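S.K.: As a plain string of letters, each chain reads:
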Amino acid sequence: MKCKPAEKLMLDYIEGTLQPKQHDLLEIHLGTCPHCQKVLVDYEKTLQLAGSLPVKFPSPDAWGDFWQKLKSKISQVVPDDEPVWVVAHKWKIAGVGFVLVALLGLAGLWSYGVFNNSAADPSASLDKHIFQNFMGGISTVHLQEVLSQELQRLDGASLVWSGENLLMEEAGSPQPSGANSLVGQLFEVIDTEVALEHFEDDELTILVASIENKLILASSR
Amino acid sequence: MKADPDRFLIQCAQNGDIDAFGELVQKYQKRIYELAYRFTHHPEDAADLCQEIFLKAFNALGKFENKSTFYTWIYQIAKNRCIDYSRRRSGRYDVSFVEEIAPDDSLFQSHYSEDQASRRLEQVELETEIRKAIEQLSPRQKQVFVLRHYEGLALREIAETLGLRVGSVKAHLFNATRKLRMLLTPYLDE
Chain A
169 MKCKPAEKLM LDYIEGTLQP KQHDLLEIHL GTCPHCQKVL VDYEKTLQLA
219 GSLPVKFPSP DAWGDFWQKL KSKISQVVPD DEPVWVVAHK WKIAGVGFVL
269 VALLGLAGLW SYGVFNNSAA DPSASLDKHI FQNFMGGIST VHLQEVLSQE
319 LQRLDGASLV WSGENLLMEE AGSPQPSGAN SLVGQLFEVI DTEVALEHFE
369 DDELTILVAS IENKLILASS R
Chain B
21 MKADPDRFLI QCAQNGDIDA FGELVQKYQK RIYELAYRFT HHPEDAADLC
71 QEIFLKAFNA LGKFENKSTF YTWIYQIAKN RCIDYSRRRS GRYDVSFVEE
121 IAPDDSLFQS HYSEDQASRR LEQVELETEI RKAIEQLSPR QKQVFVLRHY
171 EGLALREIAE TLGLRVGSVK AHLFNATRKL RMLLTPYLDE
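Sequence order for the protein chains is A and B. Note that the working numbering has the first sequence beginning at 169, numbered continuously upward. Note that the working numbering has the second sequence beginning at 21, numbered continuously upward.
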């Protein structure tokens with residue numbers, strides 16, 4: 169036997185739980201190896217030292233108050249007024265409740281998918297994607313307000329904006345709707361503004377710059 | 021199974037008699053405290069942990085079904101709570117956390133000879149070093165070491181408590197003892 173496997177057997181040797189064969193082999197090794205003899209003595213002393221560590225108790229006053237302190241904590245606990253059958257079947261009740269909530273949740277998700285066309289429409293997530301990635305920082309409400317004002321002012325002028333195609337291509341959807349068409353409308357307004365040289369509206373100019381920057385970034389990806 | 025000597029007190033406590041529970045607490049608080057102390061090495065923290073254990077036991081008293089003795093039951097709660105404690109403290113082990121036990125004033129009083137006072141001082145220092153060494157074990161090594169060497173649990177019981185195989189318990193125990201041997205080397209030749 170070599171030193172490393174011998175060391176691994178030493179704790180069992182000290183506790184007297186070694187198999188007879190291993191016990192004999194270890195003793196033969198120990199008889200010829202001063203290094204392992206020292207290691208064994210070290211392990212015995214280590215366990216003896218650790219085992220001699222006394223328990224330190226709190227001060228007699230603190231220890232004497234132990235129950236009083238605990239009693240005041242217990243009295244703060246809300247008394248359990250539940251009927252015995254509730255206590256006995258608590259987990260079952262909780263389980264049934266959980267299943268019901270899960271079923272209701274699933275039913276809710278299903279009905280939302282069925283009755284909400286925009287949620288069912290795959291392009292809805294695309295709209296969200298466009299607003300988050302290309303229109304970040306511009307709220308939908310604000311966009312709609314600007315659009316509505318500008319459309320009223322321009323009396324429904326209709327222009328074709330080629331940039332919309334770029335945006336849709338970038339977003340990877342052939343049939344955008346919702347936010348996408350809102351973006352399309354916005355660019356129509358912008359084009360009209362550009363054509364009519366209406367640049368006095370600072371807010372719109374900032375919007376144009378912001379959208380253009382995002383488009384440049386998107387198309388360069 | 022041997023009849024539980026605490027059965028009457030438990031029934032009273034289950035029926036809302038807090039003082040009956042108090043009697044159970046007073047009967048076992050020292051033993052539970054000792055277990056908590058082995059995991060905290062700090063009297064105040066051990067007392068707090070001990071309070072948590074008894075509070076948890078009180079709240080769960082309705083579930084106690086006399087399938088074991090009260091002590092076995094509360095010891096199980098205490099063991100799990102102490103293991104949780106050492107797990108929560110994992111990754112922020114700090115030997116400075118170990119309380120430096122100040123030598124008591126009596127050492128400097130006249131009824132101690134100079135030699136006795138010096139030996140007592142050395143003993144206090146040694147105890148602090150042992151505590152620091154144990155705090156440097158990993159949480160798992162410490163759990164295994166405490167349960168084996170201070171609580172006297174069998175390897176199989178430790179394995180069941182910690183959800184480990186007996187072989188893993190042995191390996192943790194070996195590594196813990198080897199680490200302690202290394203950390204306590206200066207004190208082993210004295």
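Don't read these hints as lab results, they were simulated from the structure. If you're wondering where the values come from, they're calculated on a predicted model, not measured in any experiment. Wrong hints could be hidden among the right ones.
Below, in silico cross-link-like pairs of lysine-lysine (DSS-like), each with a Cα-Cα straight-line distance of 30 Å or less [claimed, not checked]:
#, chain 1, residue 1, chain 2, residue 2
1, B, Lys190, A, Lys213
2, A, Lys213, B, Lys199
3, B, Lys190, A, Lys239
4, A, Lys224, A, Lys237
5, A, Lys237, B, Lys190
6, B, Lys76, A, Lys260
7, A, Lys170, A, Lys189
8, B, Lys87, A, Lys224
9, A, Lys206, B, Lys83
10, A, Lys172, B, Lys190
11, A, Lys176, A, Lys189
12, B, Lys87, A, Lys239
13, B, Lys87, B, Lys50
14, A, Lys241, B, Lys190
15, B, Lys87, B, Lys152
16, A, Lys224, A, Lys172
17, A, Lys176, B, Lys50
18, B, Lys152, A, Lys239
19, B, Lys83, A, Lys241
20, B, Lys76, B, Lys87
21, B, Lys87, A, Lys189
22, A, Lys241, B, Lys199
23, B, Lys50, A, Lys224
S.K.: For every hint, state whether the structure bears it out.
M.R.: Here is what the structure says about each hint:
Distance check on the hinted pair: Lys190 of chain B and Lys213 of chain A sit about 19 Å apart at the alpha-carbon level, within 30 Å; holds. Between Lys213 of chain A and Lys199 of chain B, the direct Cα distance comes to roughly 13 Å. Compliance with the 30 Å bound is thereby established for this hinted pair. A hinted pair counts as satisfied when its Cα atoms are at most 30 Å apart, and Lys190 of chain B with Lys239 of chain A does not qualify at roughly 41 Å. Distance restraint check for Lys224 of chain A and Lys237 of chain A: the Cα-Cα separation of roughly 20 Å lies within the 30 Å cut-off, and the hinted pair is therefore satisfied.
With a C-alpha separation of about 40 Å, the suggested pairing of Lys237 of chain A with Lys190 of chain B is violated against the 30 Å cut-off. The suggested pairing of Lys76 of chain B with Lys260 of chain A holds, with an alpha-carbon distance near 22 Å, which does not exceed 30 Å. A hinted pair counts as satisfied when its Cα atoms are at most 30 Å apart, and Lys170 of chain A with Lys189 of chain A qualifies at roughly 15 Å. Restraint check for Lys87 of chain B and Lys224 of chain A: the C-alpha separation of about 33 Å exceeds 30 Å, so the hint is violated.
Proximity of Lys206 of chain A to Lys83 of chain B is assessed by CA-CA distance (about 52 Å); at most 30 Å being required, the pair is judged violated. A distance of roughly 16 Å separates the Cα atoms of Lys172 of chain A and Lys190 of chain B; the hinted pair therefore holds under the 30 Å criterion. With a CA separation close to 15 Å, the supplied pair Lys176 of chain A and Lys189 of chain A stays within the 30 Å bound. Between Lys87 of chain B and Lys239 of chain A the CA atoms are separated by roughly 26 Å; this keeps the pair inside 30 Å, and the hint holds.
For the given pair, Lys87 of chain B sits about 23 Å from Lys50 of chain B by alpha-carbon distance, which is consistent with the 30 Å threshold. Proximity of Lys241 of chain A to Lys190 of chain B is assessed by CA-CA distance (about 40 Å); at most 30 Å being required, the pair is judged violated. A distance of roughly 39 Å separates the Cα atoms of Lys87 of chain B and Lys152 of chain B; the hinted pair therefore is violated under the 30 Å criterion. The suggested pairing of Lys224 of chain A with Lys172 of chain A is violated, with an alpha-carbon distance near 37 Å, which exceeds 30 Å.
The suggested pairing of Lys176 of chain A with Lys50 of chain B is violated, with an alpha-carbon distance near 36 Å, which exceeds 30 Å. With a C-alpha separation of about 34 Å, the suggested pair Lys152 of chain B and Lys239 of chain A falls outside the 30 Å cut-off, and the hint is violated. For the given pair, Lys83 of chain B sits about 20 Å from Lys241 of chain A by alpha-carbon distance, which is consistent with the 30 Å threshold. Between Lys76 of chain B and Lys87 of chain B, the direct Cα distance comes to roughly 18 Å. Compliance with the 30 Å bound is thereby established for this hinted pair.
In summary, the hint linking Lys87 of chain B to Lys189 of chain A is not supported, as the alpha carbons are separated by about 41 Å, beyond the 30 Å threshold. Annotation: proposed proximity of Lys241 of chain A to Lys199 of chain B is violated, straight-line Cα distance about 40 Å (limit 30 Å). With a C-alpha separation of about 11 Å, the suggested pairing of Lys50 of chain B with Lys224 of chain A holds against the 30 Å cut-off.
In summary, the structure is inconsistent with hints 3, 5, 8, 9, 14, 15, 16, 17, 18, 21 and 22 from the numbered list given earlier, while agreeing with the others.
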